[in-house]
Amino acid sequence: MDESGPETGESGPGLLASSKVYAALKKAIVAGELMPGEALAEAELSERLGVSRTPVREAVQRLARDGLVVSQRRRWVVRRHSVTEIEDIYQVRAALEAHAAYLAAVRGTPEEKAAILALAHRYEESDQLRGDERVHINASFHGRILEAAHSPRLAEDTDRNTILAFNRQVEAGYSPAELARSWAQHVRIAEAIHAGDAEAAAVAARDHVLMATKLLQGH
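First residue of the sequence shown? That's 1 in the working numbering, and the numbers climb one at a time after it.
It is possible that some hints are incorrect.
Said to hold, decoys possible - Label pairs and their in silico Cβ distance ranges:
no.	residue 1	residue 2	range
1	R73	A180	40 to 46 angstroms
2	A43	A95	39 to 45 angstroms
3	E156	P176	34 to 40 angstroms
4	H121	A39	37 to 43 angstroms
In short, the hints are calculated from the structure, not lab data. Think of the CB as a built atom: it goes at the ideal place given N, C-alpha and C, for glycine as much as any other residue.
Working from the sequences, and respecting the hints, build out all of it.
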């Protein structure tokens with residue numbers, strides 16, 4: 001793979017292809033489908049995604065700027081984060097998600113708040129759901145809060161900080177008790193947002209992220 005080649009000034013279909021590849025690869029990394037340390041083979045990705053190598057190369061370079069992949073031995077691999085990096089990432093996430101919950105309580109419409117609460121209460125049936133279903137509900141829950149915050153800039157900043165999101169690998173490391181506690185925190189966040197208690201929503205959201213930090217470090 002050419003790791004140092006200049007980015008093209010491509011526009012139109014080429015740029016669209018690069019953006020789609022970037023989105024697909026980022027989603028796979030965040031979801032845990034591409035694991036830390038896993039190599040990104042340009043030819044293989046090109047064939048799998050049905051595009052030429054150029055958009056794959058451009059997408060991977062963009063992922064490198066995001067800090068999601070790194071160059072090792074003349075190849076790109078999914079970045080493996082140290083304990084210190086994980087702590088830093090989650091400290092930032094705690095602040096971002098606390099602010100999102102605060103704004104959702106203040107700016108969210110009644111319909112948005114009701115949708116957040118409904119998703120949180122799906123925790124009660126979490127033992128009947130598959131792991132990937134829980135991951136999907138978790139992503140939807142946090143996504144709904146961001147939407148209700150009505151802050152495009154906050155949404156962008158949060159999206160850039162989803163390197164270590166709750167995914168299938170993370171979920172598999174939780175004990176049933178830890179998983180139950182995590183989902184119970186969703187209910188507390190949602191109830192505070194629904195009640196318009198911005199301060200309580202922010203505290204609950206921050207505590208939720210920081211608890212996840214401790215669990216990740218423990219595993």
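Would you say the C-beta atoms of R73 and A180 sit inside 40 to 46 angstroms of each other?
At roughly 43 angstroms between Cβ atoms, A180 and R73 fall inside 40 to 46 angstroms, so the hint holds.
Assessment of proposed distance window 34 to 40 angstroms (beta carbons of E156, P176)
holds, 35 angstroms
Holds or violated: the 39 to 45 angstroms window for the beta-carbon distance between A43 and A95?
holds, 40 angstroms
CB-CB spacing for A39 and H121 relative to the 37 to 43 angstroms hint
holds, 41 angstroms
The structure is consistent with each of the numbered hints, conforming to all of them.
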